[in-house]
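4 protein chains.
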Amino acid sequence: MISKDNLEKVLTFRSERNWEKFNTPKNIAVSVAIEAAELLEHFQWSENSSPNDKEKQAIAYEIADVAIYLSYLCNDLDIDLNQRVAEKIEINKKKYPVEQCKYS
Amino acid sequence: MISKDNLEKVLTFRSERNWEKFNTPKNIAVSVAIEAAELLEHFQWSENSSPNDKEKQAIAYEIADVAIYLSYLCNDLDIDLNQRVAEKIEINKKKYPVEQCKYS
Amino acid sequence: MISKDNLEKVLTFRSERNWEKFNTPKNIAVSVAIEAAELLEHFQWSENSSPNDKEKQAIAYEIADVAIYLSYLCNDLDIDLNQRVAEKIEINKKKYPVEQCKYS
Amino acid sequence: MISKDNLEKVLTFRSERNWEKFNTPKNIAVSVAIEAAELLEHFQWSENSSPNDKEKQAIAYEIADVAIYLSYLCNDLDIDLNQRVAEKIEINKKKYPVEQCKYS
Numbered sequence: 001m002i003s004k005d006n007l008e009k010v011l012t013f014r015s016e017r018n019w020e021k022f023n024t025p026k027n028i029a030v031s032v033a034i035e036a037a038e039l040l041e042h043f044q045w046s047e048n049s050s051p052n053d054k055e056k057q058a059i060a061y062e063i064a065d066v067a068i069y070l071s072y073l074c075n076d077l078d079i080d081l082n083q084r085v086a087e088k089i090e091i092n093k094k095k096y097p098v099e100q101c102k103y104s
Numbered sequence: 105m106i107s108k109d110n111l112e113k114v115l116t117f118r119s120e121r122n123w124e125k126f127n128t129p130k131n132i133a134v135s136v137a138i139e140a141a142e143l144l145e146h147f148q149w150s151e152n153s154s155p156n157d158k159e160k161q162a163i164a165y166e167i168a169d170v171a172i173y174l175s176y177l178c179n180d181l182d183i184d185l186n187q188r189v190a191e192k193i194e195i196n197k198k199k200y201p202v203e204q205c206k207y208s
Numbered sequence: 209m210i211s212k213d214n215l216e217k218v219l220t221f222r223s224e225r226n227w228e229k230f231n232t233p234k235n236i237a238v239s240v241a242i243e244a245a246e247l248l249e250h251f252q253w254s255e256n257s258s259p260n261d262k263e264k265q266a267i268a269y270e271i272a273d274v275a276i277y278l279s280y281l282c283n284d285l286d287i288d289l290n291q292r293v294a295e296k297i298e299i300n301k302k303k304y305p306v307e308q309c310k311y312s
Numbered sequence: 313m314i315s316k317d318n319l320e321k322v323l324t325f326r327s328e329r330n331w332e333k334f335n336t337p338k339n340i341a342v343s344v345a346i347e348a349a350e351l352l353e354h355f356q357w358s359e360n361s362s363p364n365d366k367e368k369q370a371i372a373y374e375i376a377d378v379a380i381y382l383s384y385l386c387n388d389l390d391i392d393l394n395q396r397v398a399e400k401i402e403i404n405k406k407k408y409p410v411e412q413c414k415y416s
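Chains as they are written, first to last, in the working numbering: chain B, 1 to 104; chain P, 105 to 208; chain Z, 209 to 312; chain U, 313 to 416.
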């Protein structure tokens, strides 16, 4: 998800504040959805134009927020994200065969 | 976000199907929000109980979906997620000082 | 929100199944977000084209799901939605003055 | 959805600012999801405790925002919400029979 170094930092950030008790899997999933909506807000009225540098920085921080919460969830539920992503890619390959799904 | 190896795989998956044209930053942000809600659905009626192994696998695949879309967005907008996460952690440390935010 | 007649029906639907205990304000808010994402899913890859009749029916049912959960929340928290909407419109009028916000 | 009087007001609010062009069905659906997440934010860390009066007012305005966007969507797509809600209730009654779904 995020680097081991960053994971260490966010886990330390949380434990230093005794916030683990608020971070139930349900509350983290709620937080992922909230941060995902804040990310989406940057595109609410845009018509697919590329964001400028200032917008890109704000967008990058929203992505970071989503990634941090996903990292907490993977850590707390003992999920190996990269293993699951690799499995999901194989599932998607079978679900969307190139010959049927290739857009020309 | 995800490993270089997995990033290569999802980018190849997308390009083999010529799906880049659908993956505008706005549409990817929409997809992140949709997948985040599918993740949240697994906790909709649960009262903070820990998920069982079967639920955990389904949850892990939803997290993978969110992570894959975030990876596309970081790739397409040329965002260095781990750099931004590291910056965001420093911002959060200043925003939530331990001495004021520590929950006892 | 929805008609008094429909509100009666959804409250009866819930009480006949003893589901009030699951309908905490938090769980209903989670459900509103989940249903809103299911509504959004119908537009995930569309480029602002108008939905056809079949899509419109599916969209209408997703809107109904969001409306039903909002109605439960207003009922359970004793919120007069139309009064609040009227107040919000006045707030928005001050926040977005026509002379400054009119798009030409 | 909302009263005819309020619907008139929000449609006038929008037309006075020439904002219809931004209100594609897709952008309204995006806005519903964003406002639903702002509603959810009020419950992010709460453990199912009832909101106090100050929180209830803020929650009511978030619900109003969701309802206003749903009303625009129903208006623009010519959807009769109450008819669809009534149909959805009948669908749910068949999907969740009392005898099988009653929680004791």
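Since the hints were derived computationally from the structure, they do not count as laboratory data.
Treat the hints with caution; some may be incorrect.
DSS-like, lysine-lysine: derived pairs with alpha carbons at most 27 Å apart [stated by the list, open to error]:
#1 B:K21 to P:K125
#2 Z:K302 to U:K414
#3 Z:K262 to Z:K217
#4 P:K113 to P:K158
#5 B:K102 to Z:K262
#6 U:K405 to Z:K302
#7 P:K199 to B:K56
#8 Z:K212 to U:K316
#9 B:K93 to P:K113
#10 U:K321 to U:K366
#11 B:K21 to B:K54
Treat the numbers as computed from the prediction; the structure is a model and nothing was measured.
Status of each hint after checking the structure:
Between B:K21 and P:K125 the alpha-carbon distance is near 43 Å, which puts this suggested pair outside the 27 Å criterion. Proximity of Z:K302 to U:K414 is assessed by CA-CA distance (about 48 Å); at most 27 Å being required, the pair is judged violated. Proximity of Z:K262 to Z:K217 is assessed by CA-CA distance (about 26 Å); at most 27 Å being required, the pair is judged to hold. At roughly 26 Å between alpha-carbon atoms, P:K113 and P:K158 fall within 27 Å of each other, so this suggested pair holds.
Using a Cα cut-off of 27 Å, the hinted pair B:K102 and Z:K262 holds, with the two alpha carbons roughly 25 Å apart. This hinted pair does not check out: U:K405 and Z:K302 have alpha carbons roughly 44 Å apart, beyond 27 Å. At roughly 22 Å between alpha-carbon atoms, P:K199 and B:K56 fall within 27 Å of each other, so this suggested pair holds. Between Z:K212 and U:K316 the CA atoms are separated by roughly 14 Å; this keeps the pair inside 27 Å, and the hint holds.
Restraint check for B:K93 and P:K113: satisfied, since their Cα atoms lie roughly 10 Å apart, inside the 27 Å limit. Our distance criterion of 27 Å between C-alpha atoms is met by U:K321 and U:K366, whose separation comes to about 26 Å. About 35 Å separates the Cα atoms of B:K21 and B:K54, which puts this hinted pair outside 27 Å; it is violated.
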